[in-house]
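Each chain, letter by letter, is given below.
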Amino acid sequence: MRKLSKIFISILTLVASFSAFASIEETLTSFVEPWAGPFVSFIFAPLYGSEAIFGTGFPWIVMWLVIAATIFTFYFGFIQFRGFKHSIELVRGDYFDPKDAGQVTPFQALCTALSGTVGLGNIAGVGVAVAIGGPGATFWMILAGLMGMASKFTECILGVHYRNEYADGHVSGGPMYYLSKGLAERGMGGLGRALAVLFAIACIGGSLGGGNAFQANQSAQQIGSLIPFFGENPAIFGMIMAVLVFIVIVGGIKSIAKVTDKIVPFMAVVYITSALIIILMNIGSVGAAFGAIFEGAFTGPGVVGGAIGALIQGFKRAAFSNEAGVGSAAIAHSAVQTKHPATEGYVALLEPFIDTVVICTMTSLVITITGSWVPVGEEGHLAGIALTSKAFESQWSGFGPVLAVAAVLFAFSTMIAWSYYGIKAWTYLFGENAVGQLIFKLIFCAVVVIGASIPLGIVIDLSDAMIFAMAVFNIAGVYLLMPKVKELLHDYQGRLAAGEFPKVK
Amino acid sequence: MSKSYVVGIDGSEGSIRTAQYALAQADKAGASLKVIHVLEWSPYSFLTPEELEERHKRRQEELERAKTAVIGPMLEKLGSDSAEGEVRYGQIAEVISNYCDEIGADQAFVGRHGGGGLTSRLFGSVPGILVQISNIPVTVVP
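Chains P and W are the protein sequences, given in the same order. The numbering used here puts the first residue of the first sequence at 1, with every later residue one more than the last. The numbering used here puts the first residue of the second sequence at 1001, with every later residue one more than the last.
Just so you know, the hints here were simulated from the structure itself, not pulled from any lab data. Remember, predicted model here, so these are calculated numbers, not experimental data. Some hints here could point you the wrong way.
Unchecked claim - Distance condition first, Cα-Cα at most 30 Å in a straight line; then the derived BS3-like pairs of lysine-lysine:
id: 1; chain 1: W; residue 1: 1057; chain 2: P; residue 2: 99
id: 2; chain 1: P; residue 1: 339; chain 2: P; residue 2: 99
id: 3; chain 1: P; residue 1: 486; chain 2: P; residue 2: 85
id: 4; chain 1: W; residue 1: 1057; chain 2: W; residue 2: 1028
id: 5; chain 1: W; residue 1: 1003; chain 2: P; residue 2: 85
id: 6; chain 1: W; residue 1: 1077; chain 2: P; residue 2: 339
id: 7; chain 1: P; residue 1: 339; chain 2: W; residue 2: 1028
id: 8; chain 1: P; residue 1: 99; chain 2: W; residue 2: 1067
id: 9; chain 1: P; residue 1: 181; chain 2: P; residue 2: 484
id: 10; chain 1: P; residue 1: 99; chain 2: P; residue 2: 505
id: 11; chain 1: P; residue 1: 503; chain 2: P; residue 2: 484
id: 12; chain 1: W; residue 1: 1003; chain 2: P; residue 2: 99
id: 13; chain 1: P; residue 1: 484; chain 2: P; residue 2: 85
id: 14; chain 1: P; residue 1: 505; chain 2: W; residue 2: 1077
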């Protein structure tokens, strides 16, 4: 272990010293650009004719996610509303058999999956959505969050049902497994295998990009604005982050993870409470804020593309933030021991609700209530985390640094979660061997340093595109597997009604 | 119905003393003795995805280790046929109290832990909590 750390530190030093030169950025760009450019423009391509109709491009991938969520919502008869109470009961532990104490509880499964999605999207992403789409974007964001609950429900049930369980007790699951095994069951083995491999490749890209480089890059900027030393030497900050990530994912968790375990939920609570207090302090303006949100949603004053512009921003940021339909949560949930796959679906449908409907909405309410939003092109227009920060600062000066620290911690927990998703995709492609996993983990750590130290441009676009590419392959397969989910759901509901899973509280 | 006593142990020096004392009391009263070892566990602690995956495997390992490394040697030391072992997960004091209720125990025994750290000052020690929540008499063995 110690020897390993030494080798690792020397690799890091090497990477860091390289990244001091701008040339690595050029090398990366010239390597990636020829094939990444077309891929990125394909993923984010506007729907044909949307520019002419709406006056602004509507990326087809956003439409793809929203249509999927809508179809799942109808197909499962509004499960996100009808099953909501049951979800809460499951998470509260009402059905958790005391004999299973020591296993993962539904609450823990929910928190772990949330740690991968609650993050920069909720702070910076909302800042972007409201900045460009106006307060009205909030309405569409909430709607997309509510619909996304059905997507998560569907993919997480499949994740558990088709996971691989190995003799030594470890588990591998996620879209790669349900796409290949599930579609093979339906006589479409070839298609399933192809979708699974493509998904796994996209997942590795998403893991290293959006789940890592992007997070490292954004937190380096946050900390850089707080501590000038790191602002001038982002590579050093990147190395610190990389060492922490290394300790958690290679060194076997324990110490550092235990610290983040305590701090991340704490920061989440601090963030939500602060937002709530600001909302309560301005309770008189809440009505007006909702008015602005509704009005903005359907008329979109001051927004490029009007109501449609608001809608695109809201949908896009919701998808970025809660990852419903992307397939990432299915990987995390499939590892949980459960008496029936359907329970994980019920637990998972709370994730878009908490992530988007609750946390994102609070951020945008704070922005709207404090009147921090200024339309694009007018004086005082801010976007992203700067907008969120301004909104909080306007009520409590000195909140900026707290927000910056929260953003970094959220980024860290997102990185840990995505490293796991990446490993699962990696082992699907290259087999379950320890050396291969170690190689991936070392690459992952090196990317932290690269991500933090250089402005990535095309690579960031590429990683965003990779995350959405996951959704392309995942959702295509999930459509074909929907009937299986319905079958599992009916089986669960029948057995639940028959008293097979008794309430213990 | 014969009486039953419960002793909570953690495998430390002090808990051997406690168990021996409990056994002596049980023998005197003609009671059976249950030796319980509780693995500290919270349903709300945060897990990384990797821990989530390993939890099931770890749990089996932990139960196995508790049986072979804590309960087994303890029963051997006590050398009594009337003593039986039990391993549970949860908040130590709460689990011991619930277990006593579950089996209808008449008396519980726990050791007084040596340490008096900050957490036990703030949140109470195992014997402290057990004394407060237990529905049956509790003997704290120094």
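Results of checking the hints against the structure:
The straight-line distance between the Cα atoms of residue 1057 (chain W) and residue 99 (chain P) is roughly 16 Å, inside the 30 Å bound, and the hint therefore holds. A hinted pair counts as satisfied when its Cα atoms are at most 30 Å apart, and residue 339 (chain P) with residue 99 (chain P) qualifies at roughly 13 Å. About 19 Å separates the Cα atoms of residue 486 (chain P) and residue 85 (chain P), which keeps this hinted pair within 30 Å; it holds. Only pairs whose Cα atoms come within 30 Å are accepted, and residue 1057 (chain W) paired with residue 1028 (chain W) is rejected, the gap being roughly 42 Å.
Using a Cα cut-off of 30 Å, the hinted pair residue 1003 (chain W) and residue 85 (chain P) is violated, with the two alpha carbons roughly 44 Å apart. For the hint pairing residue 1077 (chain W) with residue 339 (chain P), the CA-to-CA distance comes to about 39 Å; that exceeds 30 Å, so the pair is violated. In summary, the hint linking residue 339 (chain P) to residue 1028 (chain W) is not supported, as the alpha carbons are separated by about 45 Å, beyond the 30 Å threshold. This hinted pair checks out: residue 99 (chain P) and residue 1067 (chain W) have alpha carbons roughly 17 Å apart, not beyond 30 Å.
Restraint check for residue 181 (chain P) and residue 484 (chain P): satisfied, since their Cα atoms lie roughly 12 Å apart, inside the 30 Å limit. At most 30 Å may separate the alpha-carbon atoms for a hinted pair to count; residue 99 (chain P) and residue 505 (chain P) meet this at roughly 14 Å. A distance of roughly 26 Å separates the Cα atoms of residue 503 (chain P) and residue 484 (chain P); the hinted pair therefore holds under the 30 Å criterion. Between residue 1003 (chain W) and residue 99 (chain P) the CA atoms are separated by roughly 25 Å; this keeps the pair inside 30 Å, and the hint holds.
Between residue 484 (chain P) and residue 85 (chain P) the alpha-carbon distance is near 23 Å, which keeps this suggested pair within the 30 Å criterion. For the hint linking residue 505 (chain P) to residue 1077 (chain W), the alpha-carbon distance of about 39 Å lies beyond 30 Å, and the restraint is violated.
This entry does not satisfy hints 4, 5, 6, 7 and 14, going by the numbered hints stated previously.
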